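S.K.: Given chain Y's structure and the hints, the job is docking chain C onto it.
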Amino acid sequence: MSKQYLTTHTVDNAHITDIFSIAATPTSILSASGSSTIHVHATNRDSFPLVQSLSSAHKLGCHHLAASRNGKIAASVGFGGDVKIWKVSEAGSGEWESFGELDAAKNSEKGKGGAGELWAIALSEDGQYLASTTYDGRVNVWDLLGDRGVTLREYETGSAGSGSFGLCVDLSRDGKYTASGHQSGAVYVFNNDSGRLQYSLPGLVKPVRAVAFSPAGTRLAAAGDSGIIAIYDTKHGEHVGNLTGHTAWITSLDWNDTGEYLLSGAFDGKAKVWSIERSACVATHSETDKALWAIRWLPKTVRNEMFCTAGANRSLTFYREATGA
Amino acid sequence: MEGLLHSSRSAFGSSSPLPAVGFVNPSQPDFVLHQDSRRNPQTGVAISKIEEILVANIDALKEVQALTIPLRSRRTGRMRLVRFPSSRDSDAKKFIDQRNHRAIYYQNPELFGSQRYVDELVDDIAFTFGLGRDALNIVAASKGLIAGAVSVTINNGSMLYCNPHDGQGVLLPDVRAISSVNLGATKWLLVIEKEATFRGLVASRFHETSTVGPGILVTAKGYPDLSTRQFLHKLHTSFPILPMYGLVDFDPDGVKIMLTYKNGSRSLQHEQNATLNRLLWIGPRSNDILGDHLRGFPSANIDETCVLNHTPSDQFLSSQSSAPLCPIREFSPVDVMLPLKAADRKLAVRLLSATIGKGDQCIESQDVVRELQVMLMLNTKAEIQAVDEAGDLTAWQGKAASTTAQRHQPAVIHTKDLERGAKRKKMAPKLSEEEIDDLIYLARAGDDADLTEMLQELAVRDASTAADILAAAREEQTKATCLHMAAANGHAKTVTLILSYLPVPVKASVTAAAPAASEEANSAEATTRAEPAYINAHNSFGNTALHWACLGGHLDTVKLLLSRGASPAIANDKDQIPLDLAAFNNHMHVVDHFLAQSRDIEGENALEDGLAKEAQDLDLTEDKNAESGG
Numbered sequence: 132m133s134k135q136y137l138t139t140h141t142v143d144n145a146h147i148t149d150i151f152s153i154a155a156t157p158t159s160i161l162s163a164s165g166s167s168t169i170h171v172h173a174t175n176r177d178s179f180p181l182v183q184s185l186s187s188a189h190k191l192g193c194h195h196l197a198a199s200r201n202g203k204i205a206a207s208v209g210f211g212g213d214v215k216i217w218k219v220s221e222a223g224s225g226e227w228e229s230f231g232e233l234d235a236a237k238n239s240e241k242g243k244g245g246a247g248e249l250w251a252i253a254l255s256e257d258g259q260y261l262a263s264t265t266y267d268g269r270v271n272v273w274d275l276l277g278d279r280g281v282t283l284r285e286y287e288t289g290s291a292g293s294g295s296f297g298l299c300v301d302l303s304r305d306g307k308y309t310a311s312g313h314q315s316g317a318v319y320v321f322n323n324d325s326g327r328l329q330y331s332l333p334g335l336v337k338p339v340r341a342v343a344f345s346p347a348g349t350r351l352a353a354a355g356d357s358g359i360i361a362i363y364d365t366k367h368g369e370h371v372g373n374l375t376g377h378t379a380w381i382t383s384l385d386w387n388d389t390g391e392y393l394l395s396g397a398f399d400g401k402a403k404v405w406s407i408e409r410s411a412c413v414a415t416h417s418e419t420d421k422a423l424w425a426i427r428w429l430p431k432t433v434r435n436e437m438f439c440t441a442g443a444n445r446s447l448t449f450y451r452e453a454t455g456a
Numbered sequence: 344m345e346g347l348l349h350s351s352r353s354a355f356g357s358s359s360p361l362p363a364v365g366f367v368n369p370s371q372p373d374f375v376l377h378q379d380s381r382r383n384p385q386t387g388v389a390i391s392k393i394e395e396i397l398v399a400n401i402d403a404l405k406e407v408q409a410l411t412i413p414l415r416s417r418r419t420g421r422m423r424l425v426r427f428p429s430s431r432d433s434d435a436k437k438f439i440d441q442r443n444h445r446a447i448y449y450q451n452p453e454l455f456g457s458q459r460y461v462d463e464l465v466d467d468i469a470f471t472f473g474l475g476r477d478a479l480n481i482v483a484a485s486k487g488l489i490a491g492a493v494s495v496t497i498n499n500g501s502m503l504y505c506n507p508h509d510g511q512g513v514l515l516p517d518v519r520a521i522s523s524v525n526l527g528a529t530k531w532l533l534v535i536e537k538e539a540t541f542r543g544l545v546a547s548r549f550h551e552t553s554t555v556g557p558g559i560l561v562t563a564k565g566y567p568d569l570s571t572r573q574f575l576h577k578l579h580t581s582f583p584i585l586p587m588y589g590l591v592d593f594d595p596d597g598v599k600i601m602l603t604y605k606n607g608s609r610s611l612q613h614e615q616n617a618t619l620n621r622l623l624w625i626g627p628r629s630n631d632i633l634g635d636h637l638r639g640f641p642s643a644n645i646d647e648t649c650v651l652n653h654t655p656s657d658q659f660l661s662s663q664s665s666a667p668l669c670p671i672r673e674f675s676p677v678d679v680m681l682p683l684k685a686a687d688r689k690l691a692v693r694l695l696s697a698t699i700g701k702g703d704q705c706i707e708s709q710d711v712v713r714e715l716q717v718m719l720m721l722n723t724k725a726e727i728q729a730v731d732e733a734g735d736l737t738a739w740q741g742k743a744a745s746t747t748a749q750r751h752q753p754a755v756i757h758t759k760d761l762e763r764g765a766k767r768k769k770m771a772p773k774l775s776e777e778e779i780d781d782l783i784y785l786a787r788a789g790d791d792a793d794l795t796e797m798l799q800e801l802a803v804r805d806a807s808t809a810a811d812i813l814a815a816a817r818e819e820q821t822k823a824t825c826l827h828m829a830a831a832n833g834h835a836k837t838v839t840l841i842l843s844y845l846p847v848p849v850k851a852s853v854t855a856a857a858p859a860a861s862e863e864a865n866s867a868e869a870t871t872r873a874e875p876a877y878i879n880a881h882n883s884f885g886n887t888a889l890h891w892a893c894l895g896g897h898l899d900t901v902k903l904l905l906s907r908g909a910s911p912a913i914a915n916d917k918d919q920i921p922l923d924l925a926a927f928n929n930h931m932h933v934v935d936h937f938l939a940q941s942r943d944i945e946g947e948n949a950l951e952d953g954l955a956k957e958a959q960d961l962d963l964t965e966d967k968n969a970e971s972g973g
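These protein sequences, in sequence, are chains Y and C.
If you count the first sequence from 1, you need to add 131 to reach this note's numbering.
If you count the second sequence from 1, you need to add 343 to reach this note's numbering.
These are computed hints drawn from the structure, not numbers from a lab.
The structure presented is a predicted model; accordingly, all values stated were derived computationally and were not measured.
For glycine and all other residues, C-beta sits at the position ideal for the given N, C-alpha and C.
Treat each hint with caution, since some may be false.
Unchecked claim - Some chain C residues flagged as far from chain Y (calculated, every beta-carbon gap over 10 Å):
#1 Ala492
#2 Ile497
#3 Met502
#4 Tyr504
#5 Gly556
#6 Gly565
#7 Phe582
#8 Asp596
#9 Ser608
#10 Ala792
#11 Lys836
#12 Ser910
#13 Ala914
#14 Lys917
#15 Asp918
#16 Ala939
To be verified - For each label pair, taking beta carbons as the anchor points, the in silico distance ranges come out as:
#17 C:Ala697 x Y:Ser178: 36 to 42 Å
#18 C:Lys701 x Y:Val336: 36 to 42 Å
#19 Y:Gly223 x C:Ala686: 46 to 52 Å
#20 Y:Ala453 x C:Ser906: 47 to 53 Å
#21 C:Arg693 x Y:Gly334: 48 to 54 Å
#22 C:Val803 x Y:Glu232: 39 to 45 Å
#23 Y:Lys431 x C:Ser906: 29 to 35 Å
With the rest of the complex left out, here is chain Y:
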């Protein structure tokens, strides 16, 4: 049985350039693009109005954006290597305000000359921890509430300074694991408790552009230029299945709240919803033929499950599950 999703709303030209990243909170969606401004659109109102613009956030444009699941903390990384942290105002307006920066250039605790410029980022459920990758393959975990000048965990994925570019990263919801995907096709899972590499997961060969832990943290999905979504068991590090059907580079992955469905977006503009149980694609959407850079489920509210896609067409497109009867 396939699932039906309908386009409920499109915010045309939400940005003036490619939207490279989006992040969902319970009430809003944040979007970052090649321009300097981050936009916030409300998702709890029918017209998805623009409720806030964080202007001049990243002068050279912003490539990665993450928000904590509790919707309190967000982080963004610019093309210039600048990392900004945001938090929802405690004054009660619900607006985002600056919560400082992350100075990655400072010397790390091991004195290796800094953690290196950040590329991909992920936030823990409460927003306290931030995981990041670097150009030379390092993976770091930071405590945003503690000393931001030092890394909590520092993982090397190659000999010092020569690892493969970390294109993507994710933190499990319980904060226990960090996963990273690399240019070389490597996927690593690190145990944040022990500070060690847990698994090196084989199978993709080509650059891995998205990794995502399932809500319960038992599965890890990874995908990229091979066009295949690989599913791994995080308990034993086993490759438990592949989802095939995309015919282009996969740029983004996201699990729904229950962990039953996986959403994927690809370079040819197609978004697919996969049933994990049946290991099959249950819906395909191609509202655009331009690259999708980011796709996200909206956290489930009273309404039907929804997701949002964004990319080179500069728009935010919202889909809602069609109810049968």
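M.R.: Showing chain C alone in chain Y's frame:
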């Protein structure tokens, strides 16, 4: 000896840099002096000295003696005679060397090896005569090369006709010496980052044969020098209707080169007359390159991917040709793409910062910003060659068309031509003996994976196609091809693999049905003609791959080869056609297949029982031989 003599003669024949000496060949004004020789008092001295040497050499020729030229080394100050003919290669080089700086080098780059060598010799010659370089009328030329039906008039009245006969391009003259430029019928100008690409296009005469009319090709070999940019700027301002396109790599350096042509370089900001505001960046762009990766998926629905590949406007503009031109390729061009290096990323961020910093909100700078950001996002770059390999540049055509449409310019870079030019420029790949052995071995063993990999590697290395590599790989002794080897051993899959690298004439002619332009029909015809050459290639005994497949009785392979146009009628040195070999070796199932085929095809023949009867005879008479031989 004769060859050498000839080369020296031709070298003198075109030695127009010394016009006063009487070597001017008016029909071949390949390049001209940058200065008026009559104004230089030392010139007379130089000429008389050269004449002395030449007179002595003419005398020597009459007396059938070795030719000599005195040459004084600047380092030691000693005079020595350069002889011709000589036992030493280096003397041959020096003997021919009596001409003009960079142009000297480019008349025969293989001979001289490097520009530096020429520079040194020029200085030596000047030293020998005790004169300055300028007395020899040798000036430092601009780095840029130009090709196209354009003539430039120099201040002294001489003409520089920029259409080289040797496929090398002509050195750009010093912009200060130009009094006028005649564009003739040229309709466009293409600035190319890479010298190799430029040479390829010139060699294929792209500037003459493009379907959108004649044009001009220019390269400054990487980062452009000031005098090349000044020259282009002069054209730019003198001919505001001449569209200018930039062809650079999809990497940060390519973008920077494009920007340097367009906006000038940072270090030479005081040079006002070196910018090209109208320069259009035709690519390759992220969409061109990334669109191609779809073809890397064998399961992709071709029509669908083609449609998705193009934005609606592109689709409209290139609809005639886009869809049929997307064959599934065994080579995914994605493999030619490389990850960005740390230095690339740094440069990209710097360029991004500079472009955004200017606060320039025009569409073009937004375009640059986007391309740089996408480059960083994907961490991927691609060279021009990568798009050549992809073999389908129609997206560019669409883009060039759409951008020019805005500027109501009729000229469009017909990238189909670019593609063909790029294809033609590829020389026969040079394979070492070991590489050939390996290829032959892999085909013999039916090791498809390794064979694919090796073909791919070699194709990338030699900037050619797998088909070229296959054509070049022939066993030293028997001249057998990889196809022979795979066919003889009945590796039907390997045969399929090899055949898949060859152009598919059937599909191509379907393409021609689209009104895409007669050019395509021509190229389709060309491939139709070209393909049988490989599939029907015979070894030193005249056997084709089909002969060998029949010899081994591999029916599958025989069918495959026949279906791809292998000729069943080619006879080997012993006058045997493939059918004979099958019959001799008692592979009756193969014989039956042939006969069934021929019954279908040659109805009349079959009625008379001609072939079947003949085969029957052969079978009877040769059966024993086959057994003893087998």
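S.K.: Need the list of violated hint numbers for this structure, in ascending order.
M.R.: Violated: hints 21 and 23.
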